[in-house]
Amino acid sequence: MSALWIALAVCLLGWGLNLWLAARGGRAARVAAPVIFGLGLLALWEGVVRAFAVPEVILPPPSSVAVAIGANLGLIWSDFVQTILKGAVTGWALGCAAAAVVAVLVDRSPFLSRGLLPIGNFVAALPIVGVAPIMVMWFGFGWQSKAAVVFAMVFFPVLVNTVAGLATADRMQRDLMRTWSASYWQSLFGLRLPAAMPFVFNGLKIATTLAVIGAIVAEYFGSPTRGMGFRISTAVGALQLPLVWAEIAAAALAGTLFYGIVSFAERRVTFWHASHRGR
Amino acid sequence: MKTAGPVLSVLLVILGIWYAATVFMNAPQVRDAARRGNVELTLGQTIAATMSEKRPMLAAPHQVAAELWKGIVSEKITSKRSLVYHALITLQATMTGFGLGVVIGVLLAVGIVYFRVIDLSVMPWAIISQTIPIVALAPMIVVLSNSLGLGDRLGVENRLVSKTLIAAYLSFFPVLVSMVKGLRSPDPMQLDLLRTYSASGAQEFLKLRLPSSLPFFFASLKVSIAAALVGAIVGELPTGAVEGLGARMLVASQFGQPLLMWASLFAATLLAGVLIVALGVVQRLADRMMGARA
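Residue numbers (this note's numbering), protein chains in the order written: chain A, 24 to 302; chain B, 31 to 324.
Hints are not guaranteed to be accurate.
Below 25 Å or equal to it, Euclidean Cα-Cα: the simulated SDA-like pairs (lysine to any residue) are [stated by the list, open to error]:
hint: 1; chain 1: A; residue 1: Lys228; chain 2: B; residue 2: Ile134
hint: 2; chain 1: B; residue 1: Lys211; chain 2: A; residue 2: Ala52
hint: 3; chain 1: A; residue 1: Lys228; chain 2: B; residue 2: Ala79
hint: 4; chain 1: A; residue 1: Lys228; chain 2: B; residue 2: Gln122
hint: 5; chain 1: A; residue 1: Lys109; chain 2: B; residue 2: Ile158
hint: 6; chain 1: B; residue 1: Lys211; chain 2: A; residue 2: Lys109
hint: 7; chain 1: B; residue 1: Lys211; chain 2: B; residue 2: Val140
hint: 8; chain 1: B; residue 1: Lys211; chain 2: A; residue 2: Pro221
hint: 9; chain 1: B; residue 1: Lys211; chain 2: A; residue 2: Trp295
The set of hints was computed from the structure by calculation and includes no laboratory data.
The following block holds chain A by itself, in its conformation from the complex (with noise of 0.2 Å):
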């Protein structure tokens, strides 16, 4: 029991800590307190499995963990080269690319931009994800299929985001650029594309979390020996639970860092609108 008792101490420790953080304020504490917080669960998690002896087929204890990461660097990379770089990033791109041309296109004409926006409203509201086995029959089991897959379920949410962008320029900064006789490319970019970058950042960042989604879960409806989801769902069958821990933490890495990318790039673009200033 003694370690449960270890681990309930650094934890009460850490809210102690983060509690004197609070009163405290600024900007360290911005940044320690969700550190020390995850710290914490960690402890309690290896804790709560020492003390009651957990079985690792169950709940392997971080420690274990940290070592399966250790010794299968290499198969995950691997995986994480398969799932992430080839089957989200590739339909994650080639999808906000379409998208965002569509959205363009479709703006040119009020008549298609208001007959396709509550249909693309509503699409992005459906289980796309359901579109994984029929895009692995037409695309075979490598990762064409995934990439097809996060393109259709990233293309609604950004293009979206990307006509409703496109509507933010007002009237005075439209007819400012009329006076200057723009043309309309030009008045497209320099205005209205910076203008609606704000809302399409929005819809890149809820589609980078789809994407990641959609890669595992068309990898459920068949994929080569290799791939993040593939793996998880072999290992449970194996019983290697520290492996697929293992692979969960680098998924979650993987995700959290392509989130973090965009949103990086968002603050680069956008720094001049109001939720970036004064911070």
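Using the hints, position chain B against chain A.
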């Protein structure tokens, strides 16, 4: 109804593209079959054949509609071939997960608004939790809930527990974010006014913060229930479920029944549509009770 015309014409265009794609994608299959049977097909016959393939690459819209009709209307609801039966199973997991997610989201939001320490330490993890692909965790959740026997203790099926957890995980976040925004939306003037009335903390919460957060709450529910449905369907895939729309898709994919695949996909779509419309009705009722004018 200014949007009805454009929406209808866009839908018609989509239908047209779909039919064209059906011909285009199924034609190689039809031509192969004709070559094997040493039959010469005219163009018209080829097109007709692409519309009625048994295992089409792309099912024609009317085939999907027929399969849907068969699955929804012709079979008894208790039959395992009935899509309604499977949809109800998925709906059950969706609703329990959605309920759990909403409760967790609201409680966390209240905690975050009232306690700075929770705001600082939990909010970043709530955001990170959404970038973690839950589907990767799904098989683990199944193993955990099975081995702990959570379902038996609660008196429900184990499968339902794991699906519920996954659906709740996906659906709590939209509620959390909007409720934090909503509970913080009363401006300082209004809060000061309540203080001059010497309102207690509970009164401030019940009479000002909660009512002013309701529009945010309902807006988030629509996102949240769509996410819960995705969670329930995804949760059926790696959990070895035999019942539910997700399981139906998996079975259809493994046994090569494309028509069933399409029908399940559209059944899920219909279910999502029904849920979103139902929430819209609830929202309108709540608005009216709050005294909003239509």
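Quick rundown of the hints versus the structure:
1. In summary, the hint linking A/Lys228 to B/Ile134 is supported, as the alpha carbons are separated by about 23 Å, within the 25 Å threshold.
2. Of the supplied pair hints, the one linking B/Lys211 and A/Ala52 holds, its CA atoms being roughly 22 Å apart against a limit of 25 Å.
3. For the suggested pair A/Lys228 and B/Ala79, the alpha carbons sit about 44 Å apart, so the restraint of at most 25 Å is broken.
4. Restraint check: the Cα-Cα separation between A/Lys228 and B/Gln122 comes to about 30 Å, which exceeds 25 Å; the hinted pair is violated.
5. Distance restraint check for A/Lys109 and B/Ile158: the Cα-Cα separation of roughly 23 Å lies within the 25 Å cut-off, and the hinted pair is therefore satisfied.
6. As the CA atoms of B/Lys211 and A/Lys109 are separated by approximately 37 Å, the hinted pair breaks the 25 Å bound.
7. For the hint linking B/Lys211 to B/Val140, the alpha-carbon distance of about 11 Å falls within 25 Å, and the restraint holds.
8. Of the pairs offered as hints, the one joining B/Lys211 and A/Pro221 holds, with about 18 Å between alpha carbons and a cut-off of 25 Å not exceeded.
9. Our distance criterion of 25 Å between C-alpha atoms is met by B/Lys211 and A/Trp295, whose separation comes to about 22 Å.
Hint check: violations occur at hints 3, 4, 6; the rest are consistent with the structure.
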